[in-house]
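Enquirer: Given next are the chains, with one letter for each unit.
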Amino acid sequence: MTPMGFVVDAIGLGFFALFGGAYGLLYAASELRGERRLGYLAIASYAAQSAVLLAVVTLSALGPIWKVFLIGSGIAYYFIPRVTLRYLKNLHASGEIHS
Amino acid sequence: MYTRDPIFWRAGAVSSLTVMVAILIALTVNTIGVISTGGANVPPYTVINQAIGYVDDDSQHEYVPTIGGSDPLFGHVYDEHQAEALIREGKLVIQSRACLDCHSVFGTGAYFAPDLTKAWLDPVWRQMWEPMTQTHTRADAMVAFLMEPDKYPTWTREMPNLHLSRDEAKAVVAYLKWTSSINTNGFPYGFQADPDTPKGKQAALR
Amino acid sequence: MTRVPSLYSSQSLALRYFTLSVALFGVMIVFGLIAATKYIHPGFLAQPLPFSMAKIMHIDVLVLWLLTAFMGSLFWLLPSEFKRDLVGMRAANVVFWLFCITIAAVAATFLFVQYGPGTDKTLWLVNQGRKYVEEPRWAAIVVAIGIAVFVYNIVGTAIAVKRITGVTWVIILNLIPLFGLYMLAFPAMTNMAVDQYWWWWLVHFWVEATWEVLIGSIVALVLMRVMNTSRNVVETWLYIEVALVLATGVLGIGHHYFWMGAPKYWLGIGGFFSALEPLPLLGMVIHAVYDAGEHKMTNQPAFYWTMLEAFGNFIGAGVWGFMITLPQINLFAHGTQWTASHGHLAFWGAYGCGVIAVIYLAVQEAGGYAQIGGRAWKWAFGLLNVGMYGMGGSLLIAGMAQAFYERAIGGSTFNAFVAAQQTPWFVEGIWMRWVFGLLFAAGYAILASNLIAISRRSRVAAAAPATLAVEGAGTR
Ligand code: HEM
Ligand code: HEM
Ligand SMILES: [Fe+2]
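Residue numbers (this note's numbering), protein chains in the order written: chain Z, 23 to 121; chain X, 24 to 229; chain S, 44 to 519.
No false leads were mixed into what you were given.
Rough simulated footprint, nothing fancy, chain S against chain Z, three-plus residues with beta-carbon under 8 Å: (1) 33-45; (2) 50-64; (3) 92-104; (4) 109-115.
A few chain X positions that, by computed beta-carbon distances, are all more than 10 Å from chain S: (5) ALA74; (6) VAL78; (7) ILE90; (8) GLY91; (9) GLY92; (10) TYR101; (11) ASP102; (12) PRO154; (13) THR156; (14) THR160; (15) ASP163; (16) ALA167; (17) LYS174; (18) TYR175; (19) ARG189; (20) PRO218.
Worth flagging that the hints you see were computed from the coordinates, not collected in a lab. Just so it is clear, CB atoms sit at the ideal spot from N, CA and C, and this is done for glycine as well.
All chains, full assembly: derive it from the sequences and hints.
Expert: This is the structure we're talking about:
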């Protein structure tokens, strides 16, 4: 790995996680408040995350295994907010009946 | 549904913890073997009697320590017990003076002063501190510096005088010679060991 | 002292612990600023107080203000979980004063004695010289006894009431390893590799496992209290969190075993599992957003600090940790200001914000206020966070410069270190950290005075529990 390469990679990975978090936050907020605009922003965040991922996968000197791993987490980032939110809604709905 | 049942997740938490801790324990047993003195990555303390280097090993694409021929410390060959006692004292000095709240070893500690993992191999001793302290070996320069660092400042940040006795300073030097011989998977990267170190060791790649 | 009459005795003690905690928070900031100043003017206080002692005071007191706040939180929240007072409160009160005396004695030792000859005696009486747990052994024993009494307060009560809730189970089962790991504060192994191997169990398994579970349980108790979320829901979610945090965090310890002599397989294992650690933190962000929609907003500061705990944990630990956790990158970022940048943001996001939220909740309940609001807390909130994220950003810049010039190009020699410390990027980063540090300190001053103001008024309120419409606290 070249000296500049690792700095760029680290910045890329930072943005990767940051956009992933922004997507989750905005997605959940748009679903709960029913605000379309937040939904678009959420999609934009995920698109940004994917773009960063693509850049890292094509340009970085990280090994292939790590790249596969990153692609895997990129996919996980997409589903985690959806699954979590749906689950939380169901959980609270059933919880309210129990208590 | 079962995923909404706390019992399901409680079982999940307990089993994931159990599996992970079991793996951790197995790895710990293995790792302790490797990092104990005399283990695959950590030479015995008597390595202070030998010449130590640090080279770029092309086959592994990383820097590895080399251990070569005889290079007694302070002109003395330490047997196993002497070496162990000396290194033990070095560690006690490092803890009692809280060196690692300014420096780091293996990159862990504080960031106010340089990492000491390979300090023994640093070319700066010959270039700078041997002339300043009017000594002729790296070991003696280190002892002189450690005993009175305030007398040999080189830039704005100075190391305070921590009142090391000569024996304590020697013990620390032995300690740092030993840490420089440990295989740290290539950290620090690209460290150019003093080319002046005795020959032979470069060849004696372990 | 006159207090609102309906407090459990462990809750009175909790308020004392919170006071101690907030005071220690202030002490740590003072020494952080001193250490930061030394980066700019090495001569500043150089004679009386070397950098090392300022750093020790900064990070050891950090551990203390968080631990005392955790203890306060459980003393505050658990009685209603057990539906009775905790057992052994007399011993617990003695422990509190013992802690105060010990902390004062150790601080005096660090400031005026500082170090000693390289003997076991020094480790017993002066300084153990191991990061985060430098306190001399005698003091570490006092701390261990104190934590043991604390565990007894909780376990003993659980045994007395016989019926234990799920959250309490998690707390108890988690406190035992938390206490056990502290035993790793004592050894002085000669072999640095073995020493660091076990030392990291203490540090990593505290901050990325047991503390994470503890703060999760505390937040769970808070949620049931302020939002009436059903126990079933809260417990299910807590178990999920615990499962995920432990599934990734236990082997995630490998990210500290890359370069200390350990075998190479840690590069893969540590990189892989620690890179998964942000995912459960993302789940917590979603959960926070969900709860935000449900909140009734009777305690604005507690609400905002809880929200920030979830986001801050994700940013500080999840994003900043993720940047440096792959071995190829960690090789260069390791042990630089970059590490410090992550350490600050992670501790702040995961724990600092969380305990401040609980303290706001406690002062509200102690005073019997229907509402907490006002303007002062907003200033504190804003300044503290601008200060902290400013410091994190500055240290990131300094750290990247250091990693680049010293570790990657310079080969980490003495000369490379010195050169990197003098590059403009580094110097400016270090200056900016200092400026943002001042903002942070200003935020702290407002926070502390706001908390004092609210709890002062609570004593008035105790006498006349009418509605007081005052700045910082009142009914609207
Ligand atoms: C005014 C505010 C603060 C300033 C100026 C400050 C400054 C510093 C300095 C100079 C160091 C030493 C770094 C080194 O070894 O070179 C440090 C370490 C540290 N500080 Fe702070 N700090 C502040 C607030 C905080 C807060 C609020 C927290 C936690 C919530 C914190 C957590 C830490 C930690 C964990 C370390 C050890 C990092 C490491 O060695 O990797 N600090 N701080
Ligand atoms: C609440 C959670 C966390 C806290 C409080 C925290 C705090 C810290 C602190 C204080 C250090 C410096 C340790 C030292 O040398 O003294 C550190 C190091 C480190 N942390 Fe975290 N951390 C957290 C979570 C994470 C996560 C989730 C990751 C990975 C994604 C991570 C990755 C790392 C790495 C790679 C290092 C080593 C840095 C180096 O090589 O110098 N941390 N952490
Ligand atoms: Fe860690």
